[in-house]
Amino acid sequence: MADEIVLRPSVAASVPFPLRWARGFWAFVVTMFRYKPLGFAGFVIVVVLMFTAIFADFIAPYEYNDTNRHDQFAPPSLKHPIGADHLGRDLFSRIVHGSRISVSIGFGAVAGAMCIAISLGLLTGYYGGWLDKIIQRFVDGWMTFPGIVIALAMVAIAGPGLWPLIIILGLLFGIRGSRVVRGQVLAVMARPHIEVARSVGVSDLRLMAVHVFPNVLPLVIILATIEIPLAITIEASLSFLGFGIPPPAPSWGRMLSAEARQHMLMAPWLGIAPGLALSLTIFGWNMFGDALRDLLDPAMRGSLGER
Amino acid sequence: MTEFGEFSEHLLTVEGLKTHFFTPTGVVRAVDGISYDVREGETLAIVGESGCGKSVGALSIMRLVASPPGRIVDGQVNFDGIDLLAISEQQMRTIRGNRIAMIFQEPMTSLNPVLTIGKQITESLELHLKMEGAQAQQRAIELLEMVGIPDAPSRLKQYPHQFSGGMRQRVMIAMAMSCNPRLLIADEPTTALDVTIQAQILELIKDLSAQMGTAVIIITHNLGVVARYADRVNVMYAGKIIERGTALDIYENPQHPYTQGLLDSVPRLDEDRKQRLESIEGMPPDLMELPSGCAFRPRCRFAVERCAEEIPPLMAVGDGHTAACWVTVGTASEVGA
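First to last, the protein sequences are chains A and B. Taking this note's numbering, I'd label the letters of the first sequence as residues 1 to 307. Taking this note's numbering, I'd label the letters of the second sequence as residues 1 to 337.
If you're looking for bench data, these hints aren't it; they were derived computationally from the structure. Predicted, not measured: the structure shown is a model, and the values here were computed from it. Be a bit skeptical, because a hint or two may be false.
[To be verified] Heads up, incomplete: computed chain B residues facing chain A, CB under 7 Å, no partners named: (1) Gln91; (2) Arg93; (3) Arg96; (4) Met102; (5) Phe104; (6) Glu106; (7) Leu111.
[Unchecked claim] 20 Å max Cα-Cα, derived SDA-like pairs, lysine to any residue: (8) B:Lys119 with A:Asp204; (9) A:Lys133 with B:Pro24; (10) A:Lys133 with B:Ser67; (11) A:Lys133 with B:Lys157; (12) B:Lys157 with A:Ala27; (13) B:Lys130 with A:Lys133.
The beta carbon of each residue, even a glycine, is placed where N, CA and C say it ideally should be.
Could you build the full structure based on these sequences and the hints that come with them?
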């Protein structure tokens with residue numbers, strides 16, 4: 001452990017430390033652009049997605065539920081840039097509004113998940129003992145079920161809708177994530193600087209908040225960027241299966257199943273548009289997350305610039 | 001304790017301290033009944049090889065032994081009139097870093113990599129002296145200058161990876177000295193540093209403690225360090241103190257065969273260059289299964305029957321010089337375990 005750090009000062013000096021990036025956001029973007037072009041592309045996609053979600057009302061030419069009988073199955077044209085669906089609703093507007101669902105599911109579920117994962121992980125990892133045993137056995141039990149099964153069962157109980165989905169996915173990822181956070185907490189707790197902090201007379205709460213948590217934060221950020229696209233995929237899957245967000249909300253997953261499946265041969269844009277939106281979003285998040293992982297993980301710093 | 005009527009000048013008194021580790025494979029008696037005292041302003045060295053309980057003994061004073069598996073099973077630690085083993089964890093926290101400070105052996109990993117140096121130095125100032133903002137910053141700058149770090153104001157904003165090993169140990173010393181502690185425990189402070197830096201760090205500790213009147217417990221396996229910096233020495237073996245005396249006593253007149261062996265294994269400038277260095281035969285004992293009687297017996301060339309039957313207590317050799325050996329000290333008056 002010691003020599004790992006001894007050997008790295010030159011690399012460490014060339015790559016800004018994770019927490020300094022919070023101050024130098026632009027420095028971070030530039031670093032990403034230089035070393036991780038693909039990750040930068042992902043970052044751009046993510047930014048565009050968020051921009052679209054925030055300004056959907058201004059970007060979309062129509063409301064997502066404006067039906068128009070004359071434009072049923074209209075092919076792409078000036079009036080409908082990527083066509084219209086079986087009710088004559090403008091597909092572009094629906095995709096644009098649908099980004100809101102993806103973004104809210106992604107951020108909402110993962111924000112909840114991180115809160116759960118951090119609090120459970122810190123508590124069980126820091127205190128250990130019976131608290132750790134009880135909580136983590138529960139987590140073990142939870143992890144024996146496939147995520148989609150739990151999600152389906154809980155949607156069946158809670159009913160469909162955006163909020164139930166956010167809460168369910170938050171729970172699903174949060175409880176699993178707690179195991180990852182706990183592992184990192186255990187690793188950090190074994191480091192000498194924690195003993196030093198104790199010898200200075202720091203209280204448990206402060207030790208957790210000031211000395212342990214910042215060392216776990218890079219991992220939490222990485223976990224979040226992995227789970228956001230996962231949450232979006234699961235929402236799309238559930239919507240595709242009919243358990244997600246009920247119509248007429250323009251969920252990309254539902255657009256793929258309800259409209260596209262029936263009419264795909266006649267109006268292929270019905271399938272291509274939401275499919276492409278979904279793929280791009282997930283691709284973007286994954287590439288961004290990968291790059292972030294490489295840049296934040298000290299063990300990966302040595303390989304910077306090779307990819 | 002050993003000397004009567006001198007309690008007033010004893011800053012720290014450790015009596016019969018036992019710290020054991022309860023592991024699935026058995027009880028490790030890391031510290032097995034040690035008693036010693038530290039006087040105001042003096043430097044006490046605790047010497048011994050790896051695993052003899054030096055560090056655990058020091059951590060026990062701070063009540064920082066990981067529990068479980070470790071537990072202080074017996075003994076008393078009296079610091080400046082306070083029974084450290086009886087007070088609450090909360091009260092203990094007001095003593096740690098404030099009146100008893102500690103320096104550890106791994107400067108490279110002893111600082112939190114995600115906090116600035118300034119934040120880590122001001123932490124104990126904020127906790128114990130209730131300093132805030134600019135006042136704490138000012139004091140942190142003074143402390144860094146005191147330990148010889150140039151350009152302190154800008155160094156405060158830097159992170160540990162921007163410091164070399166020696167500089168980090170200086171920062172650790174600044175942190176330890178920040179609240180003017182009465183007692184400084186230095187647990188092998190120079191083990192991880194190269195030789196030239198070692199000397200600088202030790203000189204720094206010596207100068208600062210002399211300036212502030214801080215008593216120092218220096219834990220080391222380096223006998224050169226002991227000779228130069230310690231007033232008194234405790235030699236530990238297998239969780240017990242086996243010889244105690246002034247640095248001069250230990251060097252000039254070592255009584256315990258283990259102490260003699262240690263000294264024989266170190267090259268000395270005042271000896272013939274052709275002199276062969278002796279090594280101590282055998283291995284340190286397994287702390288889970290100590291041999292009967294004297295723990296050093298299996299490796300001792302003087303061992304007699306009695307060594308296997310009774311554990312030798314510390315027996316007086318001279319004024320303030322005691323050793324635990326049946327053979328070399330004989331059955332002279334016993335002075336306590």
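Tested hints:
With a cut of 7 Å, the hint placing B:Gln91 at the interface with chain A is violated, because the nearest CB-to-CB distance is about 10 Å. The beta carbon of B:Arg93 is positioned within 7 Å of a beta carbon in chain A (closest approach about 4 Å), and the interface hint is therefore held. Checking B:Arg96 against chain A: minimum C-beta separation of about 4 Å stays under 7 Å; hint holds. Interface hint at B:Met102: satisfied, since its Cβ lies 4 Å from the closest Cβ of chain A, which is below the 7 Å cut-off.
With a least beta-carbon distance of about 6 Å to chain A, the hint placing B:Phe104 at the interface is held under the 7 Å criterion. A hinted interface residue such as B:Glu106 counts as satisfied when its beta carbon comes closer than 7 Å to some beta carbon of chain A; here the least separation is about 5 Å, so the hint holds. Look at B:Leu111: its Cβ gets to within about 6 Å of chain A, closer than 7 Å, so that hint holds up. For the given pair, B:Lys119 sits about 18 Å from A:Asp204 by alpha-carbon distance, which is consistent with the 20 Å threshold.
Using a Cα cut-off of 20 Å, the hinted pair A:Lys133 and B:Pro24 holds, with the two alpha carbons roughly 18 Å apart. Note on A:Lys133 and B:Ser67: the hinted pairing holds, with a Cα-Cα distance of about 17 Å set against a maximum of 20 Å. For a cut-off of 20 Å, the pair hint linking A:Lys133 to B:Lys157 is broken: about 40 Å separates their Cα positions. Note on B:Lys157 and A:Ala27: the hinted pairing holds, with a Cα-Cα distance of about 18 Å set against a maximum of 20 Å.
A threshold of 20 Å between alpha carbons decides the hint, and for B:Lys130 with A:Lys133 the separation of about 38 Å lies outside it, so the pair is violated.
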